[in-house]
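Following the hints, position chains B and C against chain A.
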Amino acid sequence: MDFSVIAKYLPLYEKALLLTVRIGWMGIFLAILIGLLCAAAIRFRIPVLSGIVKAYIEVFRNTPLLVQLFFIYFGLPKLGISVDAEHCGMIGLGLLGGAYMAEAFRSGLETVEVIQRESALSLGMTERQAFFYVILPQAVSVSVPAFVANIIFLLKETSVFSAISLMDLMFTAKDLIGLYYRTTECLFLLVVFYLIMLLPASVLGSLLERRARFAGFGE
Amino acid sequence: MVEFGLLQNFGFDVLFKGSNMLRLLQGLWVALRISLISVALSIGLGLIVGAVMTLKNPVIKAVTRVYLEIVRILPQMVMLFLVFFGTTRIFGWNLSAELSAVIVFTFWGTAEMADLVRGSLISIPRHQYESGAALGMTLPQIYRYIVIPQTVRRLIPLSINLITRMIKTTSLVMMIGVVEVLKVGQQIIEANRKASPNAAFGVFATVFALYFIACWPISLLAKQLEKRWKDA
Amino acid sequence: MREEMDNQEVLLTAEHLHKEFDGTVILKDMNLSVKRGEVIVIIGPSGCGKSTFLRCLNGLETIQGGKITLDGETVESGGKGIAGLRERIGMVFQSYELFPHKTVLQNITLAPTKVRKIPRGEAEKEALELLERVGLEEKKNSYPRQLSGGQKQRVAIVRALAMHPDVLLFDEVTAALDPEMVREVLDVMLSLAQQGRTMLIVTHEMSFARAVADRVIFLDDGEIVEEGKPLEFFDHPKTERAQRFLNTFTYAKVEK
Numbered sequence: 001m002d003f004s005v006i007a008k009y010l011p012l013y014e015k016a017l018l019l020t021v022r023i024g025w026m027g028i029f030l031a032i033l034i035g036l037l038c039a040a041a042i043r044f045r046i047p048v049l050s051g052i053v054k055a056y057i058e059v060f061r062n063t064p065l066l067v068q069l070f071f072i073y074f075g076l077p078k079l080g081i082s083v084d085a086e087h088c089g090m091i092g093l094g095l096l097g098g099a100y101m102a103e104a105f106r107s108g109l110e111t112v113e114v115i116q117r118e119s120a121l122s123l124g125m126t127e128r129q130a131f132f133y134v135i136l137p138q139a140v141s142v143s144v145p146a147f148v149a150n151i152i153f154l155l156k157e158t159s160v161f162s163a164i165s166l167m168d169l170m171f172t173a174k175d176l177i178g179l180y181y182r183t184t185e186c187l188f189l190l191v192v193f194y195l196i197m198l199l200p201a202s203v204l205g206s207l208l209e210r211r212a213r214f215a216g217f218g219e
Numbered sequence: 001m002v003e004f005g006l007l008q009n010f011g012f013d014v015l016f017k018g019s020n021m022l023r024l025l026q027g028l029w030v031a032l033r034i035s036l037i038s039v040a041l042s043i044g045l046g047l048i049v050g051a052v053m054t055l056k057n058p059v060i061k062a063v064t065r066v067y068l069e070i071v072r073i074l075p076q077m078v079m080l081f082l083v084f085f086g087t088t089r090i091f092g093w094n095l096s097a098e099l100s101a102v103i104v105f106t107f108w109g110t111a112e113m114a115d116l117v118r119g120s121l122i123s124i125p126r127h128q129y130e131s132g133a134a135l136g137m138t139l140p141q142i143y144r145y146i147v148i149p150q151t152v153r154r155l156i157p158l159s160i161n162l163i164t165r166m167i168k169t170t171s172l173v174m175m176i177g178v179v180e181v182l183k184v185g186q187q188i189i190e191a192n193r194k195a196s197p198n199a200a201f202g203v204f205a206t207v208f209a210l211y212f213i214a215c216w217p218i219s220l221l222a223k224q225l226e227k228r229w230k231d232a
Numbered sequence: 001m002r003e004e005m006d007n008q009e010v011l012l013t014a015e016h017l018h019k020e021f022d023g024t025v026i027l028k029d030m031n032l033s034v035k036r037g038e039v040i041v042i043i044g045p046s047g048c049g050k051s052t053f054l055r056c057l058n059g060l061e062t063i064q065g066g067k068i069t070l071d072g073e074t075v076e077s078g079g080k081g082i083a084g085l086r087e088r089i090g091m092v093f094q095s096y097e098l099f100p101h102k103t104v105l106q107n108i109t110l111a112p113t114k115v116r117k118i119p120r121g122e123a124e125k126e127a128l129e130l131l132e133r134v135g136l137e138e139k140k141n142s143y144p145r146q147l148s149g150g151q152k153q154r155v156a157i158v159r160a161l162a163m164h165p166d167v168l169l170f171d172e173v174t175a176a177l178d179p180e181m182v183r184e185v186l187d188v189m190l191s192l193a194q195q196g197r198t199m200l201i202v203t204h205e206m207s208f209a210r211a212v213a214d215r216v217i218f219l220d221d222g223e224i225v226e227e228g229k230p231l232e233f234f235d236h237p238k239t240e241r242a243q244r245f246l247n248t249f250t251y252a253k254v255e256k
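Residue numbers (my numbering), protein chains in the order written: chain A, 1 to 219; chain B, 1 to 232; chain C, 1 to 256.
Next up, chain A with everything else stripped away, as it sits in the complex:
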């Protein structure tokens, strides 16, 4: 391995990492937002909307992100809906992740038993109080493992962004391999930079999971 080559490529990879992280986290933020709204629509059985939400979840959980991105980036402009590559990546990741997050939150809410709500009501709480003080906190800690797994999954999914010509890590690596044939160095940097992006998230995730499992329920 030639370290002078690595030093030369480093700034390109840094730039690509920043782009991936920025779009990735914006997409994840969007995914959480969509997930919460969808879970609420299902939980409160909002007519029509809850049906649409369920269909959306099925469609986006059963198709690959790459295909979704192609459809949004190349297909939708033909209907007059154009988004630039960065926003497309963000929206695509947000829509995909929203479907997964909605499932995580929904099943979290579902595991809190009906009688917990009733016991809160029997103490004179209103529905709203029962939801916010009793049901939601329990649902959140149940959802944490799925939530963490989803975030790691979505960060990994960012690796297809290059398909819509975003200059992310994959794009940079492929580009440099094609131009200069420094395959070893390029692939080495690729792995290192993905680890830089994913390891902290993974470690934080396990910490969060442990907290949710132990601190919340006193063990």
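Treat the hints with care, as some may be off.
Derived coverage of chain B by chain A (criterion: at least 3 residues anywhere in the stretch with Cβ under 8 Å from a Cβ of chain A; other residues may be distant) [unchecked claim]:
1) 76-84
2) 172-184
3) 194-201
4) 207-219
FYI, nobody ran anything at the bench for these hints, they're computed from the structure. Every residue, glycine too, gets a C-beta built ideally from N, C-alpha and C.
Same frame as chain A, now just chains B and C:
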């Protein structure tokens, strides 16, 4: 005529030209074939690796742990690049894109499957073995009649889910040059650029739908089985 | 037992209560009036509707006919002011239903601080006094899953008491407990009865029912079949259905 106009406006018309639709389906089959081979290999290897993982040997534990963590943290796309570009460079092998894909997805799928197998095996409570023993069963009998049937019930819905995940992940192979459904779609759009300027919508909407049709029934089946066996 | 009971005011009533679910009638034409300070034990075979009856009294079930009132105000599921009425009707469940994400003390003070809006310090002070009375003050910072079943149920009772309810409903509160823990919970309930609390108790503990009740109600197949003073009812049940039910609690000697 109105209908035809609509088709054209949304670019669905190219699908009915020549053998375009057939070519798309053939492209989908390329992707599905890669996933099915990888799934079959993953399930077979995963059963073995998963059973090995329940052993209490510290070396085995450490090695499998590292293996699982690598798969957990590296995107499949990165692994594809490593195998496809890396092996040529380092070992001088010239793996085809399809073979690289099968290697990567099997490496990934085996880890996922093994983790499921291990999880299902250790989730059988101690007293299930004990009550088998209390009835005078031998250890092979306990496995044959008590442990394995219960493990399989937990495992089947989860491994069916692995199939849909594998199918979705296979869409990545176009990035290393496999001519699968997305690539075929691009070729069709290219070829009809003049005659059907809106083909991108029609073609990619169709690819979207094809993937959904391939995955959704499998997901439903997994959900159904999970529900049925949970109650039993 | 308490002769002055006859002059007491009526606190809780059910009139012509009718409840059905998916076309199946669960309660038919139930009439009951509970006086302040009265302890009523409801017994009956499983599936007879006794738990549903308690849940109706707390507005947790919708009813298809009749009326429930507390101090003249209508108790109605989803009705206006139902939260305020539930505040005055405490309920203890078979499965405890402590909030798993909160400590014992937080379980008890949650509703007083959020519903009655009393200051935290005051709520905690009262919670500790109540915990001391049931012998659990040292568990105040434990989480529910660190407690035994009997301890959980005593905390659940304290949690209901902290809302200063007018009536307490107990829904088979010892049915999920190991036998050696039943006593500690029943003792708490006995002392509440002695303090003159108004209570409706659904239970299978017959000797406890005999000791604690002012009035026993026997429910079968969704209707009140018989009611009376505990000694009369247990020793000389009038109806054949009640006799048959009470017989299931005795055993014939094994002939050898």
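Mind listing which of the numbered hints don't hold for this structure, in increasing order? none
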